[in-house]
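4 protein chains.
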Amino acid sequence: MKIFHHKVSVHWGDTDPANIVFYPRYFEWFDQSARLFFDSVGLDWDKLGEKYGVVGLPIVEAKARFLAPCKFRDELVVESQITKWNEKTLEMSHAILKGGLRAVEGYEIRVWAQRREDDPNRLKAIPIPANIKAAFE
Amino acid sequence: MKIFHHKVSVHWGDTDPANIVFYPRYFEWFDQSARLFFDSVGLDWDKLGEKYGVVGLPIVEAKARFLAPCKFRDELVVESQITKWNEKTLEMSHAILKGGLRAVEGYEIRVWAQRREDDPNRLKAIPIPANIKAAFE
Amino acid sequence: MKIFHHKVSVHWGDTDPANIVFYPRYFEWFDQSARLFFDSVGLDWDKLGEKYGVVGLPIVEAKARFLAPCKFRDELVVESQITKWNEKTLEMSHAILKGGLRAVEGYEIRVWAQRREDDPNRLKAIPIPANIKAAFE
Amino acid sequence: MKIFHHKVSVHWGDTDPANIVFYPRYFEWFDQSARLFFDSVGLDWDKLGEKYGVVGLPIVEAKARFLAPCKFRDELVVESQITKWNEKTLEMSHAILKGGLRAVEGYEIRVWAQRREDDPNRLKAIPIPANIKAAFE
Numbered sequence: 423m424k425i426f427h428h429k430v431s432v433h434w435g436d437t438d439p440a441n442i443v444f445y446p447r448y449f450e451w452f453d454q455s456a457r458l459f460f461d462s463v464g465l466d467w468d469k470l471g472e473k474y475g476v477v478g479l480p481i482v483e484a485k486a487r488f489l490a491p492c493k494f495r496d497e498l499v500v501e502s503q504i505t506k507w508n509e510k511t512l513e514m515s516h517a518i519l520k521g522g523l524r525a526v527e528g529y530e531i532r533v534w535a536q537r538r539e540d541d542p543n544r545l546k547a548i549p550i551p552a553n554i555k556a557a558f559e
Numbered sequence: 423m424k425i426f427h428h429k430v431s432v433h434w435g436d437t438d439p440a441n442i443v444f445y446p447r448y449f450e451w452f453d454q455s456a457r458l459f460f461d462s463v464g465l466d467w468d469k470l471g472e473k474y475g476v477v478g479l480p481i482v483e484a485k486a487r488f489l490a491p492c493k494f495r496d497e498l499v500v501e502s503q504i505t506k507w508n509e510k511t512l513e514m515s516h517a518i519l520k521g522g523l524r525a526v527e528g529y530e531i532r533v534w535a536q537r538r539e540d541d542p543n544r545l546k547a548i549p550i551p552a553n554i555k556a557a558f559e
Numbered sequence: 423m424k425i426f427h428h429k430v431s432v433h434w435g436d437t438d439p440a441n442i443v444f445y446p447r448y449f450e451w452f453d454q455s456a457r458l459f460f461d462s463v464g465l466d467w468d469k470l471g472e473k474y475g476v477v478g479l480p481i482v483e484a485k486a487r488f489l490a491p492c493k494f495r496d497e498l499v500v501e502s503q504i505t506k507w508n509e510k511t512l513e514m515s516h517a518i519l520k521g522g523l524r525a526v527e528g529y530e531i532r533v534w535a536q537r538r539e540d541d542p543n544r545l546k547a548i549p550i551p552a553n554i555k556a557a558f559e
Numbered sequence: 423m424k425i426f427h428h429k430v431s432v433h434w435g436d437t438d439p440a441n442i443v444f445y446p447r448y449f450e451w452f453d454q455s456a457r458l459f460f461d462s463v464g465l466d467w468d469k470l471g472e473k474y475g476v477v478g479l480p481i482v483e484a485k486a487r488f489l490a491p492c493k494f495r496d497e498l499v500v501e502s503q504i505t506k507w508n509e510k511t512l513e514m515s516h517a518i519l520k521g522g523l524r525a526v527e528g529y530e531i532r533v534w535a536q537r538r539e540d541d542p543n544r545l546k547a548i549p550i551p552a553n554i555k556a557a558f559e
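Residue numbers (the working numbering), protein chains in the order written: chain A, 423 to 559; chain B, 423 to 559; chain C, 423 to 559; chain D, 423 to 559.
By construction, these hints were calculated from the structure, which means they are not laboratory data.
There may be inaccurate statements among the hints.
To be verified - Below 20 angstroms or equal to it, Euclidean Cα-Cα: the simulated PhoX-like pairs (lysine-lysine) are:
#	chain 1	residue 1	chain 2	residue 2
1	C	LYS510	C	LYS555
2	C	LYS424	C	LYS546
3	C	LYS510	A	LYS493
4	A	LYS555	A	LYS424
5	A	LYS469	D	LYS493
6	B	LYS510	B	LYS469
7	D	LYS510	D	LYS469
8	D	LYS520	D	LYS493
9	C	LYS469	B	LYS493
10	D	LYS469	D	LYS555
11	D	LYS485	B	LYS506
12	C	LYS469	C	LYS520
13	D	LYS520	D	LYS473
14	B	LYS485	D	LYS546
15	A	LYS546	A	LYS493
16	B	LYS473	B	LYS520
17	A	LYS520	A	LYS493
18	B	LYS485	D	LYS485
19	A	LYS429	D	LYS429
20	C	LYS506	C	LYS424
21	B	LYS429	C	LYS429
22	D	LYS546	B	LYS493
23	D	LYS473	D	LYS429
24	B	LYS493	B	LYS546
25	C	LYS555	C	LYS473
26	C	LYS485	A	LYS506
27	B	LYS469	C	LYS493
28	C	LYS506	A	LYS485
29	D	LYS469	A	LYS493
30	B	LYS546	D	LYS493
31	C	LYS546	A	LYS546
32	C	LYS555	A	LYS485
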């Protein structure tokens with residue numbers, strides 16, 4: 423299975439008065455890495471709609487555990503991989519590495535979904551095509 | 423001319439390691455106040471399109487001067503008013519008040535614009551209707 | 423047990439190109455509500471240090487499930503309560519309500535911690551005092 | 423005079439429902455570039471205090487003109503240079519380039535300041551040392 427690495431610099435505005443990264447930022451970096459990971463295997467995030475009729479990959483669950491604080495000027499790496507394929511959802515795990523050590527670990531669960539025919543404002547999960555899964559092998 | 427007041431609380435994640443509001447946040451609060459001001463006079467920001475054929479009110483210029491630092495837990499007021507009507511643009515001035523004193527002052531210039539017929543990806547400024555101006559008197 | 427409600431407006435900058443709230447924002451609102459909840463019971467977030475010798479309440483884990491999308495202009499309520507007291511950590515659960523329905527639900531686990539005497543850059547979890555727990559009853 | 427280039431990717435969460443970068447983000451990128459520019463000439467932003475007795479370089483004014491919209495997936499370059507040295511302040515100009523064209527242009531004015539002896543919560547502007555200026559030549 424492929425592993426993706428996304429580099430992130432901790433900027434001044436990412437940190438709080440305790441000079442620790444404000445934790446929602448980590449989820450922003452998870453989200454960035456998820457998109458870039460898809461891009462890297464030829465599945466451009468913003469073209470999934472026209473190619474597969476889906477509305478991107480909406481998030482259904484996200485979790486993180488914060489193991490060590492990150493600070494202003496830290497240079498981090500988000501290490502991402504798909505750790506579980508369900509029929510209609512996938513679990514992408516992310517670890518944020520600081521000097522090689524795990525500062526944060528977590529995951530996102532995202533759903534392969536299209537608009538409902540009877541109500542385009544609502545979504546319906548559909549099976550993930552085999553070639554999507556294969557792209558990450 | 424009408425004056426609009428928008429209350430803002432400084433939260434933990436708005437501040438930097440020096441416990442001072444990270445300055446782009448002030449522009450976020452300017453933007454919030456601009457939208458809420460329009461709402462308050464019956465011009466819902468997201469309905470300008472269907473009513474007037476415009477694409478909202480794109481920003482063309484923004485400026486701020488930072489007079490005094492704001493900190494975590496400060497309760498602020500954004501005081502907004504339209505200080506200049508040009509044919510196709512407006513200038514909305516904002517002051518951020520902390521305990522009645524001006525901590526920040528600035529403005530946004532926004533344009534009344536619609537999509538070009540020959541290229542919908544590009545915008546064309548058009549004259550601001552009289553009733554839009556009248557709504558702020 | 424006390425329940426706290428924190429009102430949140432979805433502003434233009436909170437939403438993504440699909441006009442859905444960018445999910446890290448929900449964690450920002452969780453964090454805001456956690457602080458305001460503590461404030462509301464007389465435990466000012468930024469005075470915990472001087473009163474109890476702790477470094478605030480660092481986050482150790484956060485999770486959310488996204489049940490329904492929130493959009494620009496939605497008026498939301500974050501409903502927060504402490505759902506578990508461990509010896510040195512607490513679990514605060516949050517639900518984000520949209521028109522009374524649960525759009526997001528999740529929790530934060532936070533630790534009662536002080537700086538280590540031998541290394542002030544590192545933290546040591548310590549037992550949560552009884553009067554802290556009592557303040558939420 | 424030195425010119426600094428800072429690369430920025432437009433991520434999903436940087437854009438609004440119109441798929442245009444939410445304008446406060448540009449100021450975040452200005453701020454990032456200012457810090458990295460100082461770093462690049464050997465003046466580490468977070469060590470200015472211990473070396474020169476100043477409290478970093480507080481912002482006193484910021485302005486931007488938005489010339490062309492930037493969108494999700496755009497790869498941008500912030501081009502920064504110091505365009506004016508005053509006795510106690512400096513003006514750093516920034517242009518955000520998209521495919522070589524100027525999408526945004528603006529500036530920040532920052533002050534060389536230390537804490538007042540009679541009131542450490544207030545700042546006093548002091549003359550910028552010659553070697554600071556020389557570092558950018």
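The hints, checked one at a time:
Straight-line distance between C-alpha atoms of LYS510/C and LYS555/C comes to about 11 angstroms, which keeps the hinted pair within the 20 angstroms bound. A distance of roughly 28 angstroms separates the Cα atoms of LYS424/C and LYS546/C; the hinted pair therefore is violated under the 20 angstroms criterion. Taking the CA atoms of LYS510/C and LYS493/A, the gap is about 24 angstroms. The hint is violated against a cut of 20 angstroms. A distance of roughly 11 angstroms separates the Cα atoms of LYS555/A and LYS424/A; the hinted pair therefore holds under the 20 angstroms criterion.
Proposed proximity of LYS469/A and LYS493/D is supported: the alpha carbons are some 14 angstroms apart, at most 20 angstroms. Between LYS510/B and LYS469/B the alpha-carbon distance is near 19 angstroms, which keeps this suggested pair within the 20 angstroms criterion. A threshold of 20 angstroms between alpha carbons decides the hint, and for LYS510/D with LYS469/D the separation of about 19 angstroms falls inside it, so the pair holds. With a CA separation close to 10 angstroms, the supplied pair LYS520/D and LYS493/D stays within the 20 angstroms bound.
The suggested pairing of LYS469/C with LYS493/B holds, with an alpha-carbon distance near 14 angstroms, which does not exceed 20 angstroms. Of the pairs offered as hints, the one joining LYS469/D and LYS555/D holds, with about 17 angstroms between alpha carbons and a cut-off of 20 angstroms not exceeded. Between the alpha carbons of LYS485/D and LYS506/B the distance comes to roughly 18 angstroms, so the proposed pair stays at or under 20 angstroms and holds. Straight-line distance between C-alpha atoms of LYS469/C and LYS520/C comes to about 32 angstroms, which puts the hinted pair past the 20 angstroms bound.
For the given pair, LYS520/D sits about 37 angstroms from LYS473/D by alpha-carbon distance, which is inconsistent with the 20 angstroms threshold. Among the hinted pairs, LYS485/B with LYS546/D is inconsistent with the structure: their alpha-carbon atoms are about 23 angstroms apart, more than 20 angstroms. Of the pairs offered as hints, the one joining LYS546/A and LYS493/A is violated, with about 41 angstroms between alpha carbons and a cut-off of 20 angstroms exceeded. For the suggested pair LYS473/B and LYS520/B, the alpha carbons sit about 37 angstroms apart, so the restraint of at most 20 angstroms is broken.
At most 20 angstroms may separate the alpha-carbon atoms for a hinted pair to count; LYS520/A and LYS493/A meet this at roughly 10 angstroms. In summary, the hint linking LYS485/B to LYS485/D is supported, as the alpha carbons are separated by about 4 angstroms, within the 20 angstroms threshold. Pair hint LYS429/A plus LYS429/D holds up; C-alpha atoms about 13 angstroms apart against a cutoff of 20 angstroms. Under the criterion of a C-alpha separation no larger than 20 angstroms, the hint pairing LYS506/C with LYS424/C is consistent with the structure, at around 13 angstroms.
For the proposed pair LYS429/B and LYS429/C, the alpha carbon gap of about 13 angstroms is at most 20 angstroms, so the pair holds. Simply put, LYS546/D and LYS493/B have alpha-carbon atoms about 18 angstroms apart, close enough for the 20 angstroms limit, and the pair holds. Using a Cα cut-off of 20 angstroms, the hinted pair LYS473/D and LYS429/D is violated, with the two alpha carbons roughly 29 angstroms apart. Simply put, LYS493/B and LYS546/B have alpha-carbon atoms about 41 angstroms apart, too far for the 20 angstroms limit, and the pair is violated.
Between LYS555/C and LYS473/C the alpha-carbon distance is near 15 angstroms, which keeps this suggested pair within the 20 angstroms criterion. Proposed proximity of LYS485/C and LYS506/A is supported: the alpha carbons are some 18 angstroms apart, at most 20 angstroms. Between the alpha carbons of LYS469/B and LYS493/C the distance comes to roughly 14 angstroms, so the proposed pair stays at or under 20 angstroms and holds. Taking the CA atoms of LYS506/C and LYS485/A, the gap is near 18 angstroms; set against the 20 angstroms cutoff, the hint holds.
Distance check on the hinted pair: LYS469/D and LYS493/A sit about 14 angstroms apart at the alpha-carbon level, within 20 angstroms; holds. For the given pair, LYS546/B sits about 18 angstroms from LYS493/D by alpha-carbon distance, which is consistent with the 20 angstroms threshold. For the hint pairing LYS546/C with LYS546/A, the CA-to-CA distance comes to about 46 angstroms; that exceeds 20 angstroms, so the pair is violated. Of the pairs offered as hints, the one joining LYS555/C and LYS485/A is violated, with about 26 angstroms between alpha carbons and a cut-off of 20 angstroms exceeded.
Of the numbered hints given earlier, the model fails hints 2, 3, 12, 13, 14, 15, 16, 23, 24, 31 and 32; all others are met.
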